[in-house]
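Protein chains in written order, with my numbering: chain A, 2 to 441; chain B, 2 to 441; chain C, 2 to 441; chain D, 2 to 441.
Simulated from the structure, these hints should not be mistaken for laboratory data.
Treat each hint with caution, since some may be false.
Any copy will do: because identical chains look the same in the list, a pair fits if it lies in one copy or spans two.
What the hints assert, rightly or not - In silico lysine to aspartate or glutamate, EDC-like type, Cα no more than 16 Å apart, as pairs:
1) LYS415 / GLU114
2) LYS225 / GLU407
3) LYS173 / GLU407
4) LYS179 / GLU349
5) LYS20 / GLU349
6) LYS223 / GLU407
7) LYS93 / GLU4
Protein chains: 4
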Amino acid sequence: MTEMFKCVPRVNYEGPKSKNPLAFKFYPPAEKLGGRTLRETLRFAVSWWHTFCAGGADMFGAPAWSRRPWHSPDPLTQGRLSCEAAMEFMDKLSLEFFCFHDRDLYPDLDDPEKTEKGLAEVTATLKALMKETGTKCLWGTANLFSHPRYMHGAATSPQPEVFALAAAQVKKALDITKELGGAGYVFWGGREGYDTLLNTDLALEQDNLALFLKLAVAYAQKIKFKGQFLIEPKPMEPAKHQYDSDAASCLAFLWKYDLAKHFKLNLEANHATLAGHTFEHDLAVARTNGLLGSIDANQGDLFCGWDTDHFPTDIHRATLALYEVILNGGLAPGGFNFDARVRRGSCELDDLALGYIAGMDTIALAYKTAYRLHQSGELEEYRQNRYAGWRKGLGQKIKSGNLKLEQLARLAAKEPEPQVPSGRQEMLEAVVNRYLVGSP
Amino acid sequence: MTEMFKCVPRVNYEGPKSKNPLAFKFYPPAEKLGGRTLRETLRFAVSWWHTFCAGGADMFGAPAWSRRPWHSPDPLTQGRLSCEAAMEFMDKLSLEFFCFHDRDLYPDLDDPEKTEKGLAEVTATLKALMKETGTKCLWGTANLFSHPRYMHGAATSPQPEVFALAAAQVKKALDITKELGGAGYVFWGGREGYDTLLNTDLALEQDNLALFLKLAVAYAQKIKFKGQFLIEPKPMEPAKHQYDSDAASCLAFLWKYDLAKHFKLNLEANHATLAGHTFEHDLAVARTNGLLGSIDANQGDLFCGWDTDHFPTDIHRATLALYEVILNGGLAPGGFNFDARVRRGSCELDDLALGYIAGMDTIALAYKTAYRLHQSGELEEYRQNRYAGWRKGLGQKIKSGNLKLEQLARLAAKEPEPQVPSGRQEMLEAVVNRYLVGSP
Amino acid sequence: MTEMFKCVPRVNYEGPKSKNPLAFKFYPPAEKLGGRTLRETLRFAVSWWHTFCAGGADMFGAPAWSRRPWHSPDPLTQGRLSCEAAMEFMDKLSLEFFCFHDRDLYPDLDDPEKTEKGLAEVTATLKALMKETGTKCLWGTANLFSHPRYMHGAATSPQPEVFALAAAQVKKALDITKELGGAGYVFWGGREGYDTLLNTDLALEQDNLALFLKLAVAYAQKIKFKGQFLIEPKPMEPAKHQYDSDAASCLAFLWKYDLAKHFKLNLEANHATLAGHTFEHDLAVARTNGLLGSIDANQGDLFCGWDTDHFPTDIHRATLALYEVILNGGLAPGGFNFDARVRRGSCELDDLALGYIAGMDTIALAYKTAYRLHQSGELEEYRQNRYAGWRKGLGQKIKSGNLKLEQLARLAAKEPEPQVPSGRQEMLEAVVNRYLVGSP
Amino acid sequence: MTEMFKCVPRVNYEGPKSKNPLAFKFYPPAEKLGGRTLRETLRFAVSWWHTFCAGGADMFGAPAWSRRPWHSPDPLTQGRLSCEAAMEFMDKLSLEFFCFHDRDLYPDLDDPEKTEKGLAEVTATLKALMKETGTKCLWGTANLFSHPRYMHGAATSPQPEVFALAAAQVKKALDITKELGGAGYVFWGGREGYDTLLNTDLALEQDNLALFLKLAVAYAQKIKFKGQFLIEPKPMEPAKHQYDSDAASCLAFLWKYDLAKHFKLNLEANHATLAGHTFEHDLAVARTNGLLGSIDANQGDLFCGWDTDHFPTDIHRATLALYEVILNGGLAPGGFNFDARVRRGSCELDDLALGYIAGMDTIALAYKTAYRLHQSGELEEYRQNRYAGWRKGLGQKIKSGNLKLEQLARLAAKEPEPQVPSGRQEMLEAVVNRYLVGSP
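Modelling step: build the complete structure from the supplied sequences, incorporating the hints.
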């Protein structure tokens, strides 16, 4: 293979004092914490689309990144070269996993046969390279949002013919994901929502979405695909309103259609914040319901109302998220997929590496900080004490369910007004800061 | 009874040409539409708190409304006078229903016995006046958010003693609501959420909230309270994050804890918009799941990020909401409670009437517009045609569940790429406008 | 010329009872109000880019609109055909004006000579067709945001060479706009801002932006271009933060650099709302400072945080905006440019006409409503009375500037606490509604 | 003086390893950086209102904080005791400065004489205590937003009588601020805006606001008050729209009315973020125009749309703000006023200290981080290089103003397309993180 990232050497861990932009400052992959290496715990994945497909266009601007070495007017050539580029990039950055859409590997040429053949060939190339290099697939997915046929929805299209085409695409994407040993399969329904309620049958569309997912589950069982299924909430964009708008709406959906035994959530920081929640909130909602499956690691610009997909660099916000991951006992078989892109103005080839370094360092640092914080017990002990009343006496009785409302009322009348202690928010925020700056 | 609203005569319907501020322009209570009078369909309710308790304070300003005629330093006197004021106001404005918190009738004096006695006396006064005047109670509720003991939650307090006090308060509020013949009982959990996740056990708190609701249901059954139970979503304020954040999160909650058979949703326009949804969205989510129970009629300022509780005057937004109500087959036993307040600067006594007139006229006009639009079939026919494919051929087969993913894929491969027709959003928006300006 | 919009007949005014989607319901172009026809007052313009260039792509989707009749792989052919398409479309919809970017007519081919030649040829074609059909140019502009060279800014680029290229492009765009008799010339600085302050010299960049505008003014004077210059605020997108973020920041900029004598503001509804202001607010800010020049007519989805550029269909919001236009004495030599696009799902050719009809009807209706409201004096008289104190007695004295702070303090001490009357917000909102539904 | 904060010992610097909640971890007041102690540079101030007046009420909740030791039913007693409490608190926390509203010291009793006398007595007490303890006044202000008379504005009231009362109050507040040796005087116009444009004369109101400020300036000159004048932007709340909505709108206002020579800006983090700007943006806008005067240190919850006034604990956001302060050469005679309040649930007396410790530690840490970052030159050198082209060759020529647009166009045509280098956003964000975690 010809080297494509000539400007990017192998990226080593040089520690926090290094000023070498192309070195990790906070991510020593082989360092162990809690019995496992950071590499094993974090399961970092490269997002194929942002890294090997995107050209730096935005809604007001043409592609801005001069031709990448793997670009080619021939889709097959580009597909193969991008596999080689990916392996080189992952190797140089110690990235073990990748995530992909079917269309990242080979475009929809509006010639089904040629498209299928091209996709098969690129998949074969990729599989061979994976064997050679040891890279792995975190999850695959089908792109059911770019093609014009999906403009009104894929599984939620008003047209059964479009539903069928989406089904065909998912079948193929499942085949490929299995072929590549994918640890998961994701559904993000960018078009599964509406642009205006005026023309929309919201109930029928959601019934169809559930049916679609059930068909996929059945097929996966048939082909013995063992990866976990995930759905991914986002409130809007491209649709004006997407049905799976946040973690809670996903729970409602999974429970309504009895799908919670088959699906977990793939949560993305920027999607949570677009929905008006902190990322740690949506993580906690999924975690406490046993449904936190995997993470799309990025961050949004809270001053811009669209999906900016920044590489995560806010160590404060990242630490609060990683604390939830620790409470969840990790993410495996999920992982941290960098659904993140360098800014359009970061137009040089090495910016891709700089973006990943910034993101991986941030997540690793956040993990180490959250780990120390959790180990210290400073938060957990506070919480234990705060709710201690529910593990004894009156609290225990209430939890047992043996006290009726009227009995509780009588009990309450006999007791003096309880003292309500402080919630100590400012003190606890200061505790987090002590760990963030690495001092204790 | 002494007249208190001397500045407000009986408010009559004078039609759209009237320039009399103290007349209805669009709300003729006795006019029939679809076999029922507007009064019967809309079931307008006055909100006791905004109308007879509020003093015009805001976060930066002292109470701004000069003393109302029913104000008194003695809570019992004020409680009784406000009942008289309410009857007069409702009579003059043809308002049939009211909604109330326990604390609207009588404050918590931190002397349980005196508080209970005072509340009982005001309730008795109110009951007598209701009998005399024919007014009705749409729903009651307990104020579980103002007292400092609830600062960390009521049903979700870390302290069982606070849970017990909240239970006692709900028991009493249920007793009173039954006594007053309330058609419903609402839970809005302003403190049932968190200010920081750092000190919060989200799972325990939600379990307790569900337990609390179950205790209330059991007690209602015991006392044979026949009204419907409602929960009311709001994403934040006063809590940083409230568990029941929008309609979808309420569904998740009700389904998780098997409470959907006992509860419906009381949806508020301003709460939906704070959650990032149009009001019609949250109405549609509740409606299509059979859980739309009642409405808190108001509107939010979309440029201010808090609960502004304006009287609804945006006829465009109101019409889209009322269309959902029509699709729901009305709201009874729920209704339209004006959880709305005049601006602080609307400081004169007659502003209360002007606010209600503006709101009632808007909802009535929106209902009439939505009714005509629905009767015309212009939207419904469009929708029927749009989804026609699901009632025949391929669509029907898919819905039957007999086609597997792989069969669908094979079918799709045989067919030509389907033509995708326009969703006609601009045309449909223009259709709505034709009805809004009263032309067709 | 071959007919290209075969699906669109001449669009006539059929009045509000018409159900013909391809007819005006509220816009009778020749109807007079206040001595001028609606056509003369409103000065509707088609936006070339959204109408004849856009293909229905979005950030997650490929172009969705099947080939338009004027599309061609050859840019010169497409340029000429789009001129013909525009003339036909404008004629059928009674659109007198158009607005354009240089790059709408001919793309930047990265071959300056060929680009210049192509642009000249299309301009010549357009000029000839304008003469033939009587269409006019409301304003022209240079696209200084799409080409990758502008990724870090055009006038605010860190590179002087990019500034020079932008200057060259503006010179040429000014030449063309003059050639086409443009009534104005607009600067919208989509890239004149920053993505991160970390790499930005905000002061230098704004100095350069002002210098750039001064060079353009001098050149316009040299070539005797008589159109008005306009700058257009937008807070963000594509930049993370744009310097001209709202009307007020534009005033600050124009005053700081002594440019207010040369520039007015071109205000866009969706830009104002993205900046957190109602559109009428930004209009009032510009108007009361004598700087309201022209309007980009559209509306944003207030639940989506990006520039959605909907056709305006909210008659309530539009009426409040048109009221400001009336207070401004109209817009000429500016006008209403529909910087609006049909939704991606409105994929058929006639949707373009349906979008314009919806928008033109809305603006016309809003104008007629605002006109009647203004004529009635209901708002103006209220306002006159409310501020009457400033035209006599104490108010007059204060305004004269002869009372010092300490004198005012002494005067105030002598007077009793003034009664503060209501601001009557709810009453006034109800007044607007009476006009909106066309009754008085 | 009796000790009032018995639960709060003297708060010492114990360094980052200390787990003592009542110790500074990052703020060693006497440590020198750049030749000045942190205490001298940061000029921390206590906000009287949040600390010694607030009772823990919110829009949905009654005062939640059990009686503070300085509370008293008699306003004079409370005024004096709160002075003593303030001195003790400031002493224990090494807080040198305080900021105050006139009404914080003594309420408006609707009896002007009694009010004036009470205010004078508390002021005398405070002055004596200041002399004794060495505390200083950073700035004073008049509360022109709480009293109902200001419900429609103070300087912008429709009633001249209200303007006069506001003038009287400012006169007195200026007298007191001078008496107490205040280093500044602030105008925050919470009611200087509107609730609806329908009843508002925006131009007249802003003219009056400017006139009001001029009267204050003249009076200050007369009494030889030497402190700096400051205006403070906030976009909304309590008004629906405040005229001084952000830094840029303040510049426009000051320049329009020729007030920029008398006023600087007092910027608050939470106000900037409510306006849709990062705090560092508004700081940069003020700084680069020579108008950054002082800071209200706090942070907003970006997921809540109101002024939450949290103590600043986000070290990442604080560092970016402090970097601007360093570029400004510090803030003196301004400083950091903690316009911050502990959460309602932080109801115990020592929470006040815990809040200040969290805030002071955060700002001190942010300052030290920003200082090291600035000293390193890593950002500044990058920026210098990025804009180097403007200090030589073509850039220098352009800046000189001798090149006309047409000359620039000719020059541009001769040169090859320039290479546009990366803006390196991800790399620079990673640089900041290296400094944040204290490693280099």
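Hints, verified against the model:
| no. | hint | result |
| --- | --- | --- |
| 1 | LYS415 / GLU114 | between (79 Å within a copy, 11 Å between copies) |
| 2 | LYS225 / GLU407 | between (54 Å within a copy, 14 Å between copies) |
| 3 | LYS173 / GLU407 | between (60 Å within a copy, 9 Å between copies) |
| 4 | LYS179 / GLU349 | neither (34 Å within a copy, 39 Å between copies) |
| 5 | LYS20 / GLU349 | neither (20 Å within a copy, 46 Å between copies) |
| 6 | LYS223 / GLU407 | between (54 Å within a copy, 10 Å between copies) |
| 7 | LYS93 / GLU4 | within (11 Å within a copy, 58 Å between copies) |
Taken one by one, the earlier hints fail for this structure at numbers 4 and 5, listed in ascending order.
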